[in-house]
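Engineer: Please put together the full structure from these sequences, using the hints given.
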Amino acid sequence: MRVAVVGDGVAAALAGAVLARAGAAVIRVPTEEGGTGLGPFGPALTAMPDWQASDIAAALPPVPGASFALGIAFAGWAANGGGWFLPFGDVGAALGPISFAQVIARMRAQGHALRFADFALATQAAQAGRFAPPSPDPRSPLSTLAMGVHYPAEALADALTALAPVQAVAPLVRVEHSEGRIAALVLADGAMLVADLYVDATGGDGRLIGHLSPGWESWAECLPCARATVTATAETQPPPPYAFHSADRDGWAATIPLDGRRVETRFSVAGAGTPYVNGRRTAAWRGNCVALGAAAGVIEPVLGAPLLLALRQAERIAALLPHAADQSAEAAEYNRLTAAELDRARDAAVALWATNGRVGEPLWDAARDRGSDQLRWTLDLYRSRGRVPLYDEELLSRADWIAILDGQGLRPRRLDPLGAAVSDAAVTAHAGRLRDRLLAAVRQMPSHADQLARYRAAS
Amino acid sequence: MAGNIASVLIVGGGTAGWMVAAALGHKLSGTGIAVTLVESEAIGTVGVGEATVPHIRAFNQALGFDEAAFMAATNATFKLGIEFRNWGRIGDSYIHPFGAFGQPIGGVDFHHQWIALRRSGRAEPFDHYSLPVAMARANRFAHPAADPASLASTYGYAYQFDASLYARFLRAQAEAKGVTRLEGRVVDVTQDERGHVSAVTLDDGRRLSADLFVDCSGFRGLLIEGALASGYDEWTHWLPCDRAWAVPCANVGPIGPYTRATALHAGWAWRIPLQHRAGNGHVFASGFTDEQAALDRLLGQLDAAPLAEPRQLRFTAGKRRRQWIGNTVAIGLAAGFLEPLESTSIHLIQLGIERLLDLFPTADWDPLDAAEFNRLMDLEYERVRDFIILHYAATQRDDTPFWNHVRTMSLPDSLATKMALWRARGVVVNYRQGMFLEPSWLAVYLGQNIVPDGIDPRAGAGAADAAAMLRNIASTVERLPTHESVLPRTLEAAA
Numbered sequence: 001m002r003v004a005v006v007g008d009g010v011a012a013a014l015a016g017a018v019l020a021r022a023g024a025a026v027i028r029v030p031t032e033e034g035g036t037g038l039g040p041f042g043p044a045l046t047a048m049p050d051w052q053a054s055d056i057a058a059a060l061p062p063v064p065g066a067s068f069a070l071g072i073a074f075a076g077w078a079a080n081g082g083g084w085f086l087p088f089g090d091v092g093a094a095l096g097p098i099s100f101a102q103v104i105a106r107m108r109a110q111g112h113a114l115r116f117a118d119f120a121l122a123t124q125a126a127q128a129g130r131f132a133p134p135s136p137d138p139r140s141p142l143s144t145l146a147m148g149v150h151y152p153a154e155a156l157a158d159a160l161t162a163l164a165p166v167q168a169v170a171p172l173v174r175v176e177h178s179e180g181r182i183a184a185l186v187l188a189d190g191a192m193l194v195a196d197l198y199v200d201a202t203g204g205d206g207r208l209i210g211h212l213s214p215g216w217e218s219w220a221e222c223l224p225c226a227r228a229t230v231t232a233t234a235e236t237q238p239p240p241p242y243a244f245h246s247a248d249r250d251g252w253a254a255t256i257p258l259d260g261r262r263v264e265t266r267f268s269v270a271g272a273g274t275p276y277v278n279g280r281r282t283a284a285w286r287g288n289c290v291a292l293g294a295a296a297g298v299i300e301p302v303l304g305a306p307l308l309l310a311l312r313q314a315e316r317i318a319a320l321l322p323h324a325a326d327q328s329a330e331a332a333e334y335n336r337l338t339a340a341e342l343d344r345a346r347d348a349a350v351a352l353w354a355t356n357g358r359v360g361e362p363l364w365d366a367a368r369d370r371g372s373d374q375l376r377w378t379l380d381l382y383r384s385r386g387r388v389p390l391y392d393e394e395l396l397s398r399a400d401w402i403a404i405l406d407g408q409g410l411r412p413r414r415l416d417p418l419g420a421a422v423s424d425a426a427v428t429a430h431a432g433r434l435r436d437r438l439l440a441a442v443r444q445m446p447s448h449a450d451q452l453a454r455y456r457a458a459s
Numbered sequence: 001m002a003g004n005i006a007s008v009l010i011v012g013g014g015t016a017g018w019m020v021a022a023a024l025g026h027k028l029s030g031t032g033i034a035v036t037l038v039e040s041e042a043i044g045t046v047g048v049g050e051a052t053v054p055h056i057r058a059f060n061q062a063l064g065f066d067e068a069a070f071m072a073a074t075n076a077t078f079k080l081g082i083e084f085r086n087w088g089r090i091g092d093s094y095i096h097p098f099g100a101f102g103q104p105i106g107g108v109d110f111h112h113q114w115i116a117l118r119r120s121g122r123a124e125p126f127d128h129y130s131l132p133v134a135m136a137r138a139n140r141f142a143h144p145a146a147d148p149a150s151l152a153s154t155y156g157y158a159y160q161f162d163a164s165l166y167a168r169f170l171r172a173q174a175e176a177k178g179v180t181r182l183e184g185r186v187v188d189v190t191q192d193e194r195g196h197v198s199a200v201t202l203d204d205g206r207r208l209s210a211d212l213f214v215d216c217s218g219f220r221g222l223l224i225e226g227a228l229a230s231g232y233d234e235w236t237h238w239l240p241c242d243r244a245w246a247v248p249c250a251n252v253g254p255i256g257p258y259t260r261a262t263a264l265h266a267g268w269a270w271r272i273p274l275q276h277r278a279g280n281g282h283v284f285a286s287g288f289t290d291e292q293a294a295l296d297r298l299l300g301q302l303d304a305a306p307l308a309e310p311r312q313l314r315f316t317a318g319k320r321r322r323q324w325i326g327n328t329v330a331i332g333l334a335a336g337f338l339e340p341l342e343s344t345s346i347h348l349i350q351l352g353i354e355r356l357l358d359l360f361p362t363a364d365w366d367p368l369d370a371a372e373f374n375r376l377m378d379l380e381y382e383r384v385r386d387f388i389i390l391h392y393a394a395t396q397r398d399d400t401p402f403w404n405h406v407r408t409m410s411l412p413d414s415l416a417t418k419m420a421l422w423r424a425r426g427v428v429v430n431y432r433q434g435m436f437l438e439p440s441w442l443a444v445y446l447g448q449n450i451v452p453d454g455i456d457p458r459a460g461a462g463a464a465d466a467a468a469m470l471r472n473i474a475s476t477v478e479r480l481p482t483h484e485s486v487l488p489r490t491l492e493a494a495a
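From first to last, the protein sequence lines stand for chains A and B. Each residue of the first sequence is one higher than the last, beginning at 1 in our numbering. Each residue of the second sequence is one higher than the last, beginning at 1 in our numbering.
The set of hints was computed from the structure by calculation and includes no laboratory data. Each hint should be verified, as a subset may be incorrect.
Lysine to any residue pairs mimicking SDA-like chemistry, simulated, CA-CA at most 20 angstroms apart [to be verified]:
| # | chain 1 | residue 1 | chain 2 | residue 2 |
| --- | --- | --- | --- | --- |
| 1 | B | Lys177 | A | Gly419 |
| 2 | B | Lys177 | B | Ile5 |
| 3 | B | Lys177 | A | Ala420 |
| 4 | B | Lys177 | B | Ala34 |
| 5 | B | Lys177 | A | Pro97 |
| 6 | B | Lys177 | B | Thr31 |
| 7 | B | Lys177 | B | Gln61 |
| 8 | B | Lys177 | B | Ala6 |
| 9 | B | Lys177 | B | Ser29 |
| 10 | B | Lys177 | B | His26 |
| 11 | B | Lys177 | B | Ser7 |
| 12 | B | Lys177 | B | Asp66 |
| 13 | B | Lys177 | B | Ala58 |
| 14 | B | Lys177 | A | Ala421 |
| 15 | B | Lys177 | A | Gly96 |
Between beta-carbon pairs, the in silico distance windows are [claimed, not checked]:
| # | chain 1 | residue 1 | chain 2 | residue 2 | range |
| --- | --- | --- | --- | --- | --- |
| 16 | A | Ala58 | B | Ala146 | 23 to 29 angstroms |
| 17 | B | Asp364 | A | Ala79 | 22 to 28 angstroms |
| 18 | A | Gly81 | B | Gly3 | 33 to 39 angstroms |
Among chain B residues calculated to face chain A with C-beta under 8 angstroms, some are [claimed, not checked]:
| # | residue |
| --- | --- |
| 19 | Asn4 |
| 20 | Ser29 |
| 21 | Gly32 |
| 22 | Leu357 |
| 23 | Glu372 |
| 24 | Gln433 |
| 25 | Ile455 |
Bear in mind that the values here come from a model prediction, so they are computed numbers and not experimental data. The beta carbon of each residue, even a glycine, is placed where N, CA and C say it ideally should be.
Structural biologist: Structure representation (structure tokens):
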């Protein structure tokens with residue numbers, strides 16, 4: 001099975017590594033256009049904790065310039081400019097019949113002002129600038145952490161490229177195609193490359209898939225930003241263990257703290273910057289060509305999804321590596337799953353816009369309460385009784401959703417009736433115990449700077 | 001904030017009604033919400049020998065039931081899976097176990113390796129690579145080992161029991177938790193101006209009102225259909241069986257830790273071994289055979305003489321369009337019917353109960369609770385339906401009009417897509433929601449000779465590993481006690 005992986009950045013390196021490890025004979029074809037293949041969002045990437053749980057992440061050596069991530073800090077999205085934190089890992093603990101979200105709702109009903117996410121060890125450790133890797137021992141409070149990583153895109157691409165033997169060839173010049181299939185790739189040295197499967201990791205342009213499957217569903221109505229501007233600044237101070245995503249009148253900005261560098265990407269509706277369109281390809285696999293990364297779908301990284309999405313797509317291609325020339329069954333399944341996953345990841349990003357508290361600003365007023373039926377259902381159920389419906393393809397956990405909606409200031413109208421069996425005093429005592437345990441655990445954790453120095457020494 | 005409702009009335013006893021009563025009695029204890037169940041001794045329940053799936057253990061554990069006491073009270077036996085006879089072709093037999101098949105070899109899933117081995121003629125039947133299947137065939141049973149590294153930890157188990165005794169057991173548990181039982185037959189249902197059910201009237205003239213009604217009245221759906229006219233999605237095109245004969249007989253030979261489903265002329269027969277007898281029945285399609293012929297076929301294949309008069313049941317495969325309307329939730333046969341080929345009846349009751357507790361209503365009757373309940377239950381019913389249909393669609397039998405119909409019928413799109421992907425390349429479609437996971441689909445596909453056309457190019461070097469798995473299974477089974485020796489030991493613990 002010969003697989004040509006076309007593209008230059010992380011997306012191509014990731015696809016190459018995953019497919020080569022799955023047994024395909026991978027040929028990497030550069031385009032010399034640069035970029036990550038994950039959208040024009042800059043040279044720093046946030047890897048959500050599920051990335052870390054993958055086989056490919058486990059095989060990676062320490063990547064120079066990377067830093068640890070305990071969550072994402074948000075400011076300016078909710079009403080009154082209030083900030084909040086999306087922690088990686090568990091939040092709180094259930095009390096008998098009632099979930100931890102209900103514990104919070106009960107405490108609020110008693111008049112206590114507190115936030116759901118404050119009961120995650122990740123939140124408390126991030127505030128204190130501390131970090132420790134998650135513990136496998138379920139009795140340790142550190143077992144409640146889930147680790148994310150901030151990666152410099154180029155160093156990550158290099159590390160991924162080194163993971164598996166792949167053949168490299170001259171850059172792509174032209175794509176030969178007919179009857180809905182790629183016939184060959186014409187390379188800069190004049191060679192014609194023919195493969196069983198062509199993987200398009202070239203980014204939003206989709207230099208291969210665009211010939212076979214040009215249809216693109218735009219989400220600009222719900223995710224209005226369309227320009228990205230990147231600035232990188234050298235940094236001598238130790239980085240905080242979280243990215244910072246702040247909204248303002250004209251869009252938002254992501255600050256990703258790498259080790260030694262700070263990368264800021266501004267997302268705005270118009271003006272200078274690299275253009276992009278949030279959306280997805282109507283069919284990401286057609287004929288003998290499959291797209292991943294931004295060639296399959298673009299979601300600005302407000303929840304750090306692009307790298308994890310590309311990983312899931314690469315793993316999906318590996319699981320569906322075709323056995324024959326007719327790839328229609330594989331394409332149908334890839335397209336079904338990829339579309340469902342992208343749509344739901346979009347819903348999570350749109351949730352921030354749909355629930356924004358920036359009243360009186362035209363950009364934000366127009367975005368409020370927009371979104372898919374599935375997102376509306378999610379928000380309605382949450383507002384009704386604090387419930388989050390989970391669909392088949394979800395990138396976020398239920399706790400992630402609650403942390404986001406709680407942070408944005410959504411409050412369920414009702415308490416869980418089954419919780420009536422637990423007294424207010426028991427609820428208060430439970431919350432107090434959890435908080436004490438968290439604070440004690442944070443005190444034991446080393447600083448992020450120390451952990452990073454150790455990681456750096458290993459890389 | 002919206003206040004709590006004050007009362008729940010469960011209409012109908014039987015397995016569904018008493019499972020709801022026991023669960024609500026337990027979970028609502030301390031909330032001040034009163035739970036009442038009304039049933040009539042005069043109305044028979046459908047409970048026969050009933051087989052379950054491993055989720056039942058979570059239900060029993062959540063309610064604090066002791067396993068030995070529960071098994072002693074319900075004449076229960078252990079269950080490791082279901083043997084399917086004559087489904088792919090006449091003479092075939094495979095077991096769908098509660099556990100996985102083999103282990104990945106060289107990073108390639110076992111079933112791909114098995115397909116490659118089969119092509120080179122070096123594979124034993126697929127289900128030989130499963131420990132619980134080997135245990136079932138050898139009539140062995142032990143509780144799964146606690147050590148996750150041990151092969152003996154890699155399976156689950158369920159029970160086979162007398163459903164009417166389970167209802168009685170649940171009744172005692174429910175009444176101990178403060179559930180009130182009333183005797184009476186519902187003859188009328190009163191609705192208020194919103195369309196909510198406000199009260200039911202019993203044959204002696206008593207009126208029972210409540211805030212929430214749970215309709216466990218069985219096929220008739222006294223409230224959900226009789227009063228609220230939910231409507232019914234019929235699935236008879238795919239599942240033409242619409243009747244069953246049920247009859248008990250004596251156990252002959254060792255008590256098997258598994259249920260048997262034998263395909264017959266126009267349907268199939270179950271055999272469910274309990275401690276003291278075996279429950280038997282024949283599910284058949286009245287459009288393809290007459291009742292007497294069906295009864296003769298059932299009686300003709302019993303292990304021993306019948307112990308009672310055969311009883312007939314009638315049903316229509318499908319589900320209510322809306323299982324929760326206003327303040328009425330239907331659970332059990334009132335909510336829908338799928339033939340018990342994969343022992344899903346009690347599991348669907350359990351799911352209904354779990355979802356009802358998750359979405360338990362408040363006094364403001366937010367319609368979102370019902371809408372979410374219906375969305376989730378529709379998904380579960382449809383996914384179970386597809387898995388049941390698979391058994392018929394994946395047949396090669398052409399010996400009767402019934403099998404010709406099911407072999408060639410058009411399938412739901414959701415199932416046709418799954419089967420196409422399997423046939424093309426051996427991929428099983430998985431969902432977050434849905435009770436049957438990959439091993440179950442593999443069991444039926446490969447047990448019924450549906451082998452993919454395409455082969456994973458990485459598979460092929462697994463012969464030695466696969467042979468080692470067989471040896472490991474054989475030596476593990478040898479060390480395990482027989483089901484019949486474990487049963488009395490388990491039951492003594494209850495005494």
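Engineer: Would you check the hint for B/Lys177 and B/Ala34, treating anything up to 20 angstroms between C-alpha atoms as holding?
Structural biologist: OK: B/Lys177 and B/Ala34 at ~11 angstroms, within 20 angstroms.
Engineer: When you check the alpha-carbon spacing of B/Lys177 and A/Gly96, does it fall within 20 angstroms?
Structural biologist: holds (17 angstroms)
Engineer: Does 23 to 29 angstroms hold as the CB distance between A/Ala58 and B/Ala146, or does it fail?
Structural biologist: Between A/Ala58 and B/Ala146, where Cβ atoms are some 27 angstroms apart, the hint holds.
Engineer: Next pair to validate is B/Lys177 with B/Ser29; report whether the Cα-Cα distance is within 20 angstroms.
Structural biologist: holds (7 angstroms)
Engineer: Against chain A, run the beta carbon of B/Ser29 and see if the smallest gap drops under 8 angstroms.
Structural biologist: holds (7 angstroms)
Engineer: Look at the Cβ atoms of B/Asp364 and A/Ala79 and judge whether their distance stays inside 22 to 28 angstroms.
Structural biologist: holds (25 angstroms)
Engineer: Regarding the pair B/Lys177 and A/Ala420, is the alpha-carbon distance no greater than 20 angstroms?
Structural biologist: Holds - the C-alpha atoms of A/Ala420 and B/Lys177 are around 16 angstroms apart, at most 20 angstroms.
Engineer: Can you verify the interface hint for B/Ile455: is its Cβ closer than 8 angstroms to any Cβ in chain A?
Structural biologist: Status holds, d = 6 angstroms.
Engineer: Straight-line Cα separation of B/Lys177 and B/His26 no greater than 20 angstroms?
Structural biologist: holds (6 angstroms)
Engineer: Are A/Gly81 and B/Gly3 spaced within 33 to 39 angstroms by their CB atoms?
Structural biologist: holds (35 angstroms)
Engineer: For a C-alpha distance cap of 20 angstroms, please report whether B/Lys177 and A/Pro97 respect it.
Structural biologist: Holds, at roughly 16 angstroms.
Engineer: Given the hinted pair B/Lys177 and B/Ala58, is their alpha-carbon gap at most 20 angstroms?
Structural biologist: Between B/Lys177 and B/Ala58 the Cα gap is close to 19 angstroms, so the pair holds against 20 angstroms.
Of the hints listed earlier, there is not a single one the structure fails to meet.
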